[in-house]
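*Asks:* Take the given structure of chain A and dock chain B to it, following the hints.
2 protein chains.
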Amino acid sequence: MSITHDELLLELKKLIDEKRVTRNKTILEHHSQDESHHTPVLPEVVVFPESTEEVSAILQFANSYRIPVVPFGVGSSLEGHAIPIKGGISIDFQLMNKVLEVRPEDFLVRVQPGLTRTELNQALKKYGLFFPVDPGADATIGGMSSTNASGTTSVRYGIMRNQVRDLEVVLADGNVIHTGGLSAKSSSGYHLTSLFVGSEGTLGVFTEITLKVYGIPEMIVAGRATFLSVKDAVNGAVSLLSAGISIARVELVDEESIEQVNKHSETDYPIRPTLFLEFHGNEQGVKQDIGFTKELLDANSCEELIFETDSLKRSKLWEARHNLAYAFIHGFPDKKMMITDVCLPVSKLSEAIVYSRKVIDESGLYGSALGHVGDGNFHTNLMYDKNDPEEVEKANNVNRKIVEYALERGGTCTGEHGIGLGKIKYLKKEHADTIPLMQMIKNQFDPNNILNPGKVLPES
Amino acid sequence: MSITHDELLLELKKLIDEKRVTRNKTILEHHSQDESHHTPVLPEVVVFPESTEEVSAILQFANSYRIPVVPFGVGSSLEGHAIPIKGGISIDFQLMNKVLEVRPEDFLVRVQPGLTRTELNQALKKYGLFFPVDPGADATIGGMSSTNASGTTSVRYGIMRNQVRDLEVVLADGNVIHTGGLSAKSSSGYHLTSLFVGSEGTLGVFTEITLKVYGIPEMIVAGRATFLSVKDAVNGAVSLLSAGISIARVELVDEESIEQVNKHSETDYPIRPTLFLEFHGNEQGVKQDIGFTKELLDANSCEELIFETDSLKRSKLWEARHNLAYAFIHGFPDKKMMITDVCLPVSKLSEAIVYSRKVIDESGLYGSALGHVGDGNFHTNLMYDKNDPEEVEKANNVNRKIVEYALERGGTCTGEHGIGLGKIKYLKKEHADTIPLMQMIKNQFDPNNILNPGKVLPES
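Read top to bottom, the protein sequences are chains A and B.
Once you know that position 69 of the first sequence is 69 in UniProt numbering, the rest is easy, because the numbers rise by one and skip nothing.
Once you know that position 288 of the second sequence is 288 in UniProt numbering, the rest is easy, because the numbers rise by one and skip nothing.
If you're looking for bench data, these hints aren't it; they were derived computationally from the structure.
All C-beta atoms in this analysis are idealised placements derived from N, C-alpha and C, irrespective of residue type, glycine included.
It is possible that part of the hints are untrue.
Stretch-level coverage of chain A by chain B, calculated; a stretch enters the list once three of its residues show a Cβ under 8 Å from a Cβ in chain B [unchecked claim]:
hint, stretch
1, 189-196
2, 280-288
Negatives, chain A to chain B, calculated, CB over 10 Å [stated by the list, open to error]:
hint, residue
3, THR22
4, GLN122
5, LEU305
6, PRO389
7, GLU459
If we strip away everything but chain A, and leave its shape as in the complex, we get (with noise of 0.2 Å):
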């Protein structure tokens, strides 16, 4: 780069308001890092753009310095996505935060990337709709497309790839595109919006994002099935999509993450593999479901099965799930957190968490599964001290473990994190072959490398 920090400051200075370009350390220090174990590194300035013009502006500067540029929602990503490994340009989307339309009529709305899902879904509460995605963290719309994350209620409602229909899209040079329009379906050229959606910022900036929403279900009821074996809960998971019962939500909780639930959320839940369960849907259609999910998990050994209709106790219960990561970050305040993310076939899914399980039983660290078992998507959380390379290693060891299993299987090395800094290594792995192309798109949507350069593509 041929510009020194004060020249840099003061040229974003001409294009956007002083007021939002900063030094301050503080501000580069929470822009360092995300929720990820990655180390943290400084960016050299963030931004706080307020349009789409002021982002274009950001990227035709940065592109003409070939300065990094690094987008950040509020930092929750687990791999790392918005560590600016390169340093340059934060552009942090917290002003960008708008709900810009609702169509409730077309089930669709358009919204600013800085814009969390839980304040979508209050500006939705009112039209009767609601919008689905849910991967625990209250990430910001931006964050969840450039991952293409999901979630507890991916069984049902799918990923974010499947909800995004058009993107308002910033080019490393800085011109401004729309991918994609407000039909339900197109067959209308190349789908360049399945190809932003989980580019992780390294194709273009996201300004605009239009999104399928929902009807809120007449009827939602929440329950809790207990099991003796995780096995036994999987399996348990496996027979209601065989069965066909439309289930919204089927959440694995291990006896070890029940354990840190009931710490951090005050619950009393049974210290047992446990399923949290949802369903959506008319009344007589889930009260069926209900009644033949009794069936088929008694047959699968269930101890238990509490359902919940009242909306105060389900939302308790999906919080305790939600606050889990949280609750080990407290539970274990001395040890940085891995998540494992692998998604196998359904058929080999409870085979690989008791094999998880073992491997980390073997590796002597403290560690819980859980997952969203309908999409044979699960994590394992690992806790370990980062200042003691020993523990360190150990923790990638059992990632690396856990994603060989799976891949082995014909799963992936990511159903729902990305792969940002720490799965570069495994997507070389698991899409060898590929590769060359990804990275051919790469070189031709980015050709100076200033866009969250680092991340998803190894480094030649």
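*Replies:* Quick look at chain B alone, frame taken from chain A:
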């Protein structure tokens, strides 16, 4: 091309069994056209490969001599995709039509591209599974993946892009890649699967396709609802969606279409704008949906609503719907048919169909409107004399006006048929800002422009 016909034949016969390489006139003619109104062009040779290795050898050869290759399924394209407008090699996939693997517990199937959707459903039935995407024609899975097909059930189950988990693709240079995996979701790198689906043979040739399949629902009920006007029918359909009824099919068939249906399928449906409906789910849920549907359609001036639970009557109804295109072709033996294919936000649909009726009437052509109204996608069938330049122009004008109407309202020029030859000029209007990116991808993936040249993208 620096190779004669005879040399071409000779070289190809070195690569695959000579009985499967032909310049037989009848076979060349069969591969010169599809079901669209576009002008046939003969390929120079037709090959019938039996394996991925053979396809790879053919492409490697074609690439080194810069010979165009055009994949061919059953030729049911409606936009000229299979027409080899630059000559070259037509690759017919009829011998690559196997179901390679069914994984019932994972709801996955792996097939060859020449398999048709009806053949696939026959193979799935014994597992209690089905593949929902239904474009009307009994197209091949390869063709449906290439055009990102959809159809009557997409309102519930989604489009081809939502079903394809993995593609085996032979690239222009003969290299063979896999784009995805077996897990239900992944955030592992750029989503090339979605880029190849809908790329219409211009980025690579598919040799294996892994698809998501579904359990056959406990209860299926079909129905017919007649209305006094198309507007009432569409508004009725929209009211079902807004009420959150989880409908599996909702098809508009206008009066002109019902007339052709009755003639061709020997039915005696009332000559009224009609919705063909289908409900999938558990018994209690479907019953509640049906009760609610009656109320909602009554409120939208529905004249008559008849349900068919009997599977034969249900099949008859959908067969009649599927044969509609053929009904028109047989009903007007001296005419060609042009089919329009716009998709709009649902809130704009009823006005769009009313507008289309007006435009057709003003043109003096015979034409009908029908469509997958749950997605906002509708077609008009325009009958014209291809030897009468005035009628050709009239049909083109109607098409243009309908497309422009849709684009002005955030819609797309093609909901499901693809760009092919006929929609390139409209792609330029719809995605002027992203065509340069599409072109970059095409140039990188197919530098010698041998893959279905002249389709999708405008030629520079």
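*Asks:* Hint by hint, note whether the structure agrees.
*Replies:* Now the hints, each set against the structure:
no.: 1; hint: 189-196; result: holds (count 6)
no.: 2; hint: 280-288; result: holds (count 8)
no.: 3; hint: THR22; result: holds (31 Å)
no.: 4; hint: GLN122; result: holds (20 Å)
no.: 5; hint: LEU305; result: holds (19 Å)
no.: 6; hint: PRO389; result: holds (28 Å)
no.: 7; hint: GLU459; result: holds (15 Å)
Violation of the numbered hints given earlier is absent; every hint is satisfied by the structure.
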